[in-house]
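Asker: Take the given structure of chain E and dock chain D to it, following the hints.
Here the protein sequences come in this chain order: E and D.
Here the working numbering runs 23 ahead of the position in the first sequence, where the first position is 1.
Here the working numbering runs 3 ahead of the position in the second sequence, where the first position is 1.
If you are wondering where the hints come from, they were derived from the structure by calculation, not from laboratory data.
Backbone N, C-alpha and C define an ideal beta-carbon position, used for all residues, glycine too.
Watch out, some of these pointers could steer you wrong.
Residues of chain D placed beyond 10 Å of chain E at every Cβ, according to the derived structure [claimed, not checked]:
#, residue
1, Ile8
2, Lys18
3, Phe34
4, Asn53
5, Arg59
6, Glu68
Listed next, with one range per pair, are the computed distances between beta-carbon atoms [said to hold, decoys possible]:
#, chain 1, residue 1, chain 2, residue 2, range
7, E, Glu295, D, Met22, 51 to 61 Å
8, D, Lys138, E, Asp62, 14 to 24 Å
9, D, Glu130, E, Phe58, 22 to 32 Å
10, E, Asn25, D, Glu149, 26 to 36 Å
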Amino acid sequence: MNKYGLFLGCTVPVRAMNYEVSFRKVAESLNITLFDIADFSCCGFPTKSVSLITALTLSARNLAIAERESLTHILTLCNACTEMLTETNHIIKEDSKTSEIIRKNLNELGLTVSGTVKVKHIARFLSEDVGAETIKEKVKNPLHGLKFAVYPGCHYAKPSEIYENFDDPEQPQSINELVLATGSEVIPYESSCCGGGILGIKEEVALSMSNSTLSSIKDNSADAMVLICPFCNVMYEQNQKKIEKTFNTEYNLPVLYLPQVLGLAFGIPKEELGFQINRIKLDRVFEKISLNSQRG
Amino acid sequence: MSKVITFKDLDPHFKYEIMKEKGGEKIVSCFACNTCTLSCPVRAVDDEYNPRSIIRLSLLGAKDEVLSSSFIWLCSSCYLCYERCPQDVRITDLMDAIKNIAARCGFVPETFKGQIELLKKHGRLYEVGDFENKKRAKLGLPEIKEEASQVEKIIEITGASKFLEKNGVKNE
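With the rest of the complex left out, here is chain E (with noise of 0.2 Å):
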């Protein structure tokens, strides 16, 4: 029987409330059962490049946590979170010599781990674990017409190697597979890494970054982008401003994180699904969905 842990690491829980209550709300309608485990803290991504073994250790604190609460599975909403976690299971079993170092440093906190919880960002799990067929008859309002661009982010199957290469790293397949089993498009655009994780370091690069992705996307003529981590987040729909005012341009392009695209599919009212903290008017995406279910 699998136990499902969700994971919501810094961002998600105040800043991207919308992608958490949105994925439960979906998660409930496939009856998938999610539990809140109170001691997961931040996931260590943060810390890796001043300190590798101090991200490890907070990353093997939460897998030794999952460990003993008996879950099965860690399902991750955040890119980061992903890998860094997702990399430490692979060191743990892989590097005896950095796992001993992790080992130690969990012992002082009295806790063991020895990798066997299975990390799974939410699209990569309702991908394998549930799959786009399923996802398919549970749609009660075929999106039809609508035309998005999925942003998979730069975490979400790379480095391959940790991934068991469970999807092309470079050009993801099974997020678009997902949003399609919804009746809408997906167009193809030429896609950036946004940048985020240098916007501290270097905010012009980190913008122009994220400027190059919404150039393409604007190209290509979607109602919209649908993401599947909080930090492209923080540059494609909290910055989208900034980014207009930095290159003269204009985008206006809403953004949607994959569970509120496939719960407004579901039939479920976006009211449940956080658009209230969506910042970019989604009338147009909504207008469209309205046309489709006067039609019938």
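Answerer: Quick look at chain D alone, frame taken from chain E:
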């Protein structure tokens, strides 16, 4: 990065120091093909960052130049070069290894110091207090109780709290 470096400033042992660091083991496999730099989304918009040059400088032994630079902090950790490198240099991990060494030498950008402070205090990068929990409750989300004591202890025992005492590298 266009500065002239003279032999007397080079430390031929620097590459071995990097190779001892987790993630830096494969630096000597680099044959300078430039795939990393041509793939890099940071490089595409900012000439200051050039992963190939950072690797060449490190192999040459330009230790002070590399560790005190602001350019090593510009990797956005996207793993594109990591995936494409024909020599499996694992450049993203290598950049972290170099940054870890730089941090221990006292070069820690302010942004990371701030993040370590927050983690010590809240166990997360953002505070989850009454205000946030009220907002969560309105959406029907469960309450979050902050638990920072174990996170603080990890930061202490792994030496990351020492970074808060030293002078950081200046950013532009």
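Asker: If you check each hint against the structure, which ones fail?
Answerer: When the structure is compared with the hints, none of them turns out to be violated.
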